[in-house]
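A.B. asks: Sequence:
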Amino acid sequence: MRRTFRWSVLGVALLVATPGLAGCGFGGIVGRKCTPEADAVMRRLEASPVLQLIPPDTTAHEPYSKRPCDDDDNLGSVSRQLTSTLKDRELLTYFREEFPKQGWGLRQELPGLSREPDGLRTGEPHQCYENPAEPNVTLEIFLGLGDNPDTDLFVAFHFNGGTYSCANTTSPAQTR
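Numbering-wise, our numbering comes out as the position in the sequence shown, counting from 1, plus 69.
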C-alpha cells in the first residue's frame, strides 16, 4: 500500500504554527499587523512639545520614528538625537526639571553616570519617565550612545501597542 503526502495537511499545520512564531524572530515570514491605534500614538508623540525641549548649548537632529510593527522587537519609538557641550549631570538635571512641566514623572534613573564601555548596562536608559496621559509609553534619556559618545544623547519615546512602562526598560538582576 502506497502512502501519499497531503500538502493540505502541511498547509493547515503551518497556518496554526506560524502566528505563534511571529514573536520568535519569524516576523519577516509571517509579518506583524500595523494597527491604527499604534499609528495614532506615534503621530501624537511626533507632535509632542517634549521633543522640542532642547538644553542650552545643544544641537538637535531631526526626529526619527519607527512603528512597533516595523521593529524586530515590536517596540515603537519616536526619538531625537542631541549633541551637547553640557556635562552629563547638567543634561540630566535639565530633563529632570523640564519633563515634569509637560506631565512626565521620573520613574527610574541609573545610579552613577558611567558610559559605555565602562559601566552602562547596554540598552538601559539613564532616565525613564512616565505620564498618566500617555499610558503604556515611556520617555527615556540615553547618554553617549551616538557617534560621539562624549556629547551625544537620545531623547526617546518607546511604546509597543500594549502594556509598557519603565519597568520594561531594565535588565533583571544578574547572578553569577
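In short, the hints are calculated from the structure, not lab data.
Please read all numbers here as calculations on a predicted model, not as lab measurements.
Some hints here could point you the wrong way.
[To be verified] Label-pair restraints from in silico Cβ distances:
hint, residue 1, residue 2, range
1, Ala-202, Ala-236, 37 to 47 Å
2, Asp-139, Ser-234, 32 to 42 Å
3, Thr-232, Asp-126, 13 to 23 Å
4, Pro-201, Gln-121, 18 to 28 Å
5, Glu-131, Arg-165, 37 to 47 Å
6, Glu-106, Arg-158, 31 to 41 Å
7, Gly-172, Pro-125, 29 to 39 Å
8, Thr-128, Glu-106, 18 to 28 Å
[Said to hold, decoys possible] Keeping only pairs whose Cα atoms sit at most 30 Å apart, straight-line, the calculated DSS-like set for lysine-lysine is:
hint, residue 1, residue 2
9, Lys-170, Lys-135
10, Lys-135, Lys-102
11, Lys-156, Lys-170
Note that CB positions come from ideal geometry on N, CA and C, so glycine has one too.
A.B. asks: Next, verify each hint and record whether it holds.
C.D. replies: Hints, verified against the model:
For the pair Ala-202 and Ala-236, the supplied restraint of 37 to 47 Å is violated, since their beta-carbon distance comes to about 19 Å. The hinted range of 32 to 42 Å is not satisfied by Asp-139 and Ser-234, whose Cβ atoms lie roughly 22 Å apart. Remark: the range hint 13 to 23 Å for Thr-232 to Asp-126 is contradicted by a beta-carbon distance near 38 Å. For the pair Pro-201 and Gln-121, the beta carbons lie near 21 Å from each other, so the given range of 18 to 28 Å is met.
The hinted range of 37 to 47 Å is not satisfied by Glu-131 and Arg-165, whose Cβ atoms lie roughly 25 Å apart. Judged by the Cβ atoms, the range 31 to 41 Å given for Glu-106 and Arg-158 holds: they are separated by roughly 38 Å. The hinted range of 29 to 39 Å is not satisfied by Gly-172 and Pro-125, whose Cβ atoms lie roughly 23 Å apart. Between Thr-128 and Glu-106 the beta carbon distance is about 34 Å. The supplied range of 18 to 28 Å is therefore violated.
Of the pairs offered as hints, the one joining Lys-170 and Lys-135 holds, with about 26 Å between alpha carbons and a cut-off of 30 Å not exceeded. For the hint linking Lys-135 to Lys-102, the alpha-carbon distance of about 14 Å falls within 30 Å, and the restraint holds. Restraint check: the Cα-Cα separation between Lys-156 and Lys-170 comes to about 22 Å, which is no more than 30 Å; the hinted pair holds.
Consistency with the previously given hints fails for numbers 1, 2, 3, 5, 7, 8, ordered from lowest to highest.
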